[in-house]
Amino acid sequence: MARALYIHWPFCLAKCPYCDFNSHVRNGVDVELWRNMLLADMRHEAELAGSEPLDSVFFGGGTPSLMPPVLVGALLEEAERLWSFAPGIEITLEANPSSVEAANFAALAGAGVNRVSLGVQSLDDEVLRFLGRLHNGQEALSALDTAQSAFRRVSFDLIYARPGQTLEQWEGELRRALGFGTEHLSLYQLTIEAGTRFATEVRQGAFVPLDDDPAADLFALTRELTEAAGLPAYEVSNHARPGEESRHNLTYWRYRDYVGIGPGAHGRRDGMATLRHKKPENWLDAVADTGNGLKEERSLGTAEQASEALLMGLRLAEGVDLTGLSQRFGIGREALVHPPKLAFYESIGLAWRRGDLVGITPQGMPLLDALLGELVPADLVAA
Amino acid sequence: MTDLALIRNFSIIAHIDHGKSTLADRLIQATGGLTAREMSEQVLDSMDIERERGITIKSQTVRLDYTAQDGLTYELNLMDTPGHVDFAYEVSRSLAACEGALLVVDAAQGVEAQTLANVYQSIEHDHEIVPVINKIDLPAAEPEKVRAEIEDIIGIDASEAVLTSAKSGIGIPDVLEAIVKKIPPPKGDRAAPLKAMLVDSWYDPYLGVVILVRVLDGVIKKGQQVKFMQGGTEHLIDRVGCFTPKRVELPELGPGEIGFVTAQIKEVEQAKVGDTITTAKGGATEALPGYKEVQPVVFCGLFPVDAADFEKLRESIARLRLNDASFSFEMESSAALGFGFRCGFLGLLHLEIIQERLTREFDLDLITTAPSVVYRIQLNKSRTDDAREIMLHNPADYPDPSRIELIEEPWIKATVYTPDEYLGPILKLCQDRRGIQRDLTYVGGRAQVTYELPLNEVVFDFYDRLKSITRGYASFDYEQIGLREGDLVKMNILVNNEPVDALSMIVHRSVAEARGRHMCERLKDLIPRHLFKIPIQAAIGGKVIARETIAALRKDVTAKCYGGDISRKKKLLEKQKKGKARMREYGNVSIPQEAFIAALRMGEE
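In order, the protein sequences belong to chains A and B. Read left to right, the first sequence gives residues 1 to 383 (UniProt numbering). Read left to right, the second sequence gives residues 1 to 605 (UniProt numbering).
Hints in this document: simulated from the structure, not taken from any laboratory. Just so you know, these numbers come straight off a predicted model, no measurement behind them. Please note that the accuracy of each hint is not assured.
As the list claims (entries may be wrong) - Think about it this way: if two alpha-carbon atoms lie no more than 25 Å apart in a straight line, the pair counts; the simulated DMTMM-like pairs of lysine to aspartate or glutamate are: (1) B:K569 / A:D124; (2) B:K570 / A:E304; (3) B:K560 / A:E78; (4) B:K578 / B:E513; (5) B:K524 / A:D211; (6) B:K577 / A:E193; (7) B:K578 / A:D379; (8) A:K341 / A:D289; (9) B:K381 / A:D270; (10) B:K571 / A:D270.
Please take these sequences and the hints and turn them into a complete structure.
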């Protein structure tokens, strides 16, 4: 049963050139309508997967910090009514570090949000312009300040491995970021995603993405600096002081069920993959017509679930419990991870084994996708 | 039958594109063999590949009835001979069936090496050569210059050369008259025991094996029990006839005549080119001279890209072999390429033709391994084995080097004919390929150079290099001149310390290092980076002679992956899985099949 709830708010003031998330720019959002529709979508899922109290709620987007705090409050109130909240529940909201949005932080905290994830992305104004962000470095710092006084837990994102970025530049920026005292950091390498403006610009030769080799060096440096600062990587791109990991995101990586509502939200419900209409208007129509925003409900076979569990779980420093997975999906351990390959990659220091646990070493982590292709037997992967 | 005095048997010698097929078509048209409506472009080259490449692969013959200016009707037998050195033996048999030849030379391009080889061969058969200068209506035509060239280079009188444009139909009656007047009639004795030469044979789905014959003495007719003197088999003739080019059945073929017979033979292998056909009873006692068994000289492995196509490949090869007994095949298995066949061919062109027909007519996707030649190896006595001689045509069968007393490799005499500005690079190419220069002559801006070369250097990439350094202007021809001792070694290619069987080759020690370095460099670019670094080595025995290293992959990870991303991430794994299906594993290294194919084609670049 799901103990994690994801709520998608699809609107942004502007589309960032690197972003391929389900975000849309619209003039004027009918808050009343959206409130009713999100509540309806939520009730639908609660009926199907609502027997246990929630451990986490996550407002993602889009830009959920653009939601009126009363709307956030109303959604949380209904969620608590439907599921009830476990003690110490983590309620995260993604926020842009602009002064306008920071002004809402106290009200959001009042509505129940106890953790924010700020999209700082960079501390350098020129870089922020390149990334198409609407805030500048100074604004971000003061938003971070405001957030730290309003919420008990604050995390922020940075994007690195940018075109031309050197080890020295990144070291300076990351050291500064670690100095702000947050206990969680998400550090993403810039990825040129298909269909984004950056993809077009790269194709047109407007800029050249950083090569894999220097990017790998930056990745290693990131691990080293965060580890030294007491925020080791617990996932490929996520760093936290032990105990301060994002509980909500761990649900994905540990491949537990989660409810996803709002446009384009994915969910996993008892071996079923749920997907909601992506385009806001289509989602609204679906909820109005059927009482929920579902576009697709697909039953996953045990092999497919196992492959998902592996490709998510091996992102974590803690690794996966092969015996646990084997029991959960009724698939033999050797059919989950190819033993001779595991032995080989262990011997060259890219993977590790400890009893029932199997994981990827820090050296292997930047090669995870290739390693998955090697370790996870082809039979497990749907053709 | 026709009176000997009224028969003319001739072939046409021409370089590719100099207009042989067009001229043949015009002759057929002018004598009424086919109406204009029945003429499809180039009647004689019936296979698609023959048409596209402008090369004749199988001998064919056409009988033309021509009423000459003297009022008599002549039987003209036009023998279309294979136009390539790979089929030199078939050519020699076709020529032996004729008394003369038309030498067709392009009025703009002049004499080419291939033409020379064929014309000399024709002269050796005591043929009367009738020069025809074709394409005289081209703007660049220089018939006088070409006439002089024919006299200078070939050394025959070209003062009465016939000037034609086969394409425009100019000069065709003159050619017909020249055939009748210049080419001598055949000789033969109708009363003598039957002696017919088996010129060529092919498989026809309706008739079985069709045999092209030239009767020298006696008569061949339906119902006759005949004996193949070399093959040692007897057959009952059930059909006799000729091609006009339509198939026409005749009661018999007499001395001097060329035509076909069938005898319910199922495989062309039983009807060997050059054999002598005589009657089973009271037949000739002595076979015709010049018979030989053709032996494949170039070998390569043919493997299906998709292992599931192996059976289809086996059936296809067997079917092609019905029509072409000159290539051999046996099953082979390779760790890299799976199951396939080791095939032997008369030469590189023959190899290409078979490969292309398999691909095209049987719709197979094939990998061809590097061509190799046949080596003769003298083995020492070992504890368990006597001293003996082996013929090696697959590097995989290379024996323990300590047992090798002597290795011999086939050599050829190559003639290259080229505009002289390319001579320098050609000489360098031949030297680099261990060539020994034997002759060099100049004729008016053109040079003819003769080299002795090891065949294994030629099959490697010689044609392609020659073509590229001369921009296609040089022509090349060769004949085999026997085996010579050579310092030959087996070079292995090791990927991550594992030998890759499909890439091993036999090379001369002096070029091993360069060849090995080249192969390692190529593989370095062809094998994708892995999660660890991969040494690529070329080695002779235990000695590494070249080495490259593929650096390890540094980064391949999805930076951002949350709940919604799972399905997209899974697609990535599915893609990897599909890619793996086309890879072969060597010591934890996955080598894409494309890398093998490209590495084996290394000669082309």
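Right, here's what the structure says about each hint:
no., hint, verdict
1, B:K569 / A:D124, "violated (31 Å)"
2, B:K570 / A:E304, "holds (9 Å)"
3, B:K560 / A:E78, "violated (30 Å)"
4, B:K578 / B:E513, "violated (36 Å)"
5, B:K524 / A:D211, "holds (19 Å)"
6, B:K577 / A:E193, "holds (21 Å)"
7, B:K578 / A:D379, "holds (11 Å)"
8, A:K341 / A:D289, "violated (51 Å)"
9, B:K381 / A:D270, "violated (74 Å)"
10, B:K571 / A:D270, "holds (22 Å)"
This entry does not satisfy hints 1, 3, 4, 8, 9, going by the numbered hints stated previously.
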